[in-house]
Amino acid sequence: GIQVEQSPPDLILQEGANSTLRCNFSDSVNNLQWFHQNPWGQLINLFYIPSGTKQNGRLSATTVATERYSLLYISSSQTTDSGVYFCAVGRGWNTDKLIFGTGTRLQVFP
Amino acid sequence: GAVVSQHPSRVICKSGTSVKIECRSLDFQATTMFWYRQFPKQSLMLMATSNEGSKATYEQGVEKDKFLINHASLTLSTLTVTSAHPEDSSFYICSARPPPGLAGFPPGVDTQYFGPGTRLTVL
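Here the protein sequences line up with chains A and B, keeping their order.
Its first residue numbered 1, the first sequence is counted upward by one per residue in our numbering.
Its first residue numbered 111, the second sequence is counted upward by one per residue in our numbering.
Looking at chain A on its own, in the form it has when it is part of the complex:
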């Protein structure tokens, strides 16, 4: 099956700093998503981005499908950004499951 590795596994930032999270996957995919799991366990949809670049406020994401990686950029980080960031990939449309990556645990301190 597809392997999904994320780096770094842990990240500690001071408020206001920028960061880049990476997601590498081992095979071609046609579905890639980024999620934020807050400290209470709720997963929040950030981006559906099987290819290309998207931006939403302080967050942006880029997926280079041909090279099998995706990047999530967080600018001007805030304490509310703390939690675990997961990328998840899939190979089908509407019929296939998502395979979650290993996650990046982010802690933002004031």
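One should not assume that every hint holds.
[Stated by the list, open to error] Subject to a maximum C-alpha distance of 20 Å in a straight line, what follows is the list of computed EDC-like cross-link-like pairs (lysine to aspartate or glutamate):
no., chain 1, residue 1, chain 2, residue 2
1, B, Lys130, B, Glu197
2, B, Lys151, B, Asp198
3, A, Lys54, B, Asp220
4, B, Lys124, B, Asp198
5, B, Lys151, A, Glu5
6, B, Lys151, A, Asp10
Note that these hints are calculated values from the structure, not bench results.
It should be emphasised that the depicted structure is a prediction, and the values quoted were computed from it without experimental measurement.
Put chain B on the given structure of chain A with help from the hints.
Only chain B this time, still in chain A's reference frame:
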């Protein structure tokens, strides 16, 4: 839109009892729901895919007789952990996928919306 609820949020039970967890899509009909399990500081592991009106598809290594899944309507799926043991203690998360082209959802986006999770502790 895209609100998924789970009940209960937390449950503590004695070893040998059965526990039922409900997952509801509150504002859309979901033909497919998924059940995940997450151990502390680990990723989400898919347990099963649940399609309304048909039997669930379980991932390799997941005991279907232990984790009973019922998807009786387009807005409700249930997971029953039968004869629970301490090793079943975990965080259980459900998700719901809206069918493609559903009004009110971004076109061309295949995603899942997640419930808040249920923390199960078996004593």
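Checked hints:
Restraint check for Lys130/B and Glu197/B: the C-alpha separation of about 17 Å stays at or below 20 Å, so the hint holds. For the hint linking Lys151/B to Asp198/B, the alpha-carbon distance of about 16 Å falls within 20 Å, and the restraint holds. Under the criterion of a C-alpha separation no larger than 20 Å, the hint pairing Lys54/A with Asp220/B is consistent with the structure, at around 16 Å. Distance restraint check for Lys124/B and Asp198/B: the Cα-Cα separation of roughly 11 Å lies within the 20 Å cut-off, and the hinted pair is therefore satisfied.
At roughly 15 Å between alpha-carbon atoms, Lys151/B and Glu5/A fall within 20 Å of each other, so this suggested pair holds. Distance hint between Lys151/B and Asp10/A is fulfilled; the C-alpha atoms sit about 11 Å from each other, no more than 20 Å.
The structure shown violates none of the earlier numbered hints.
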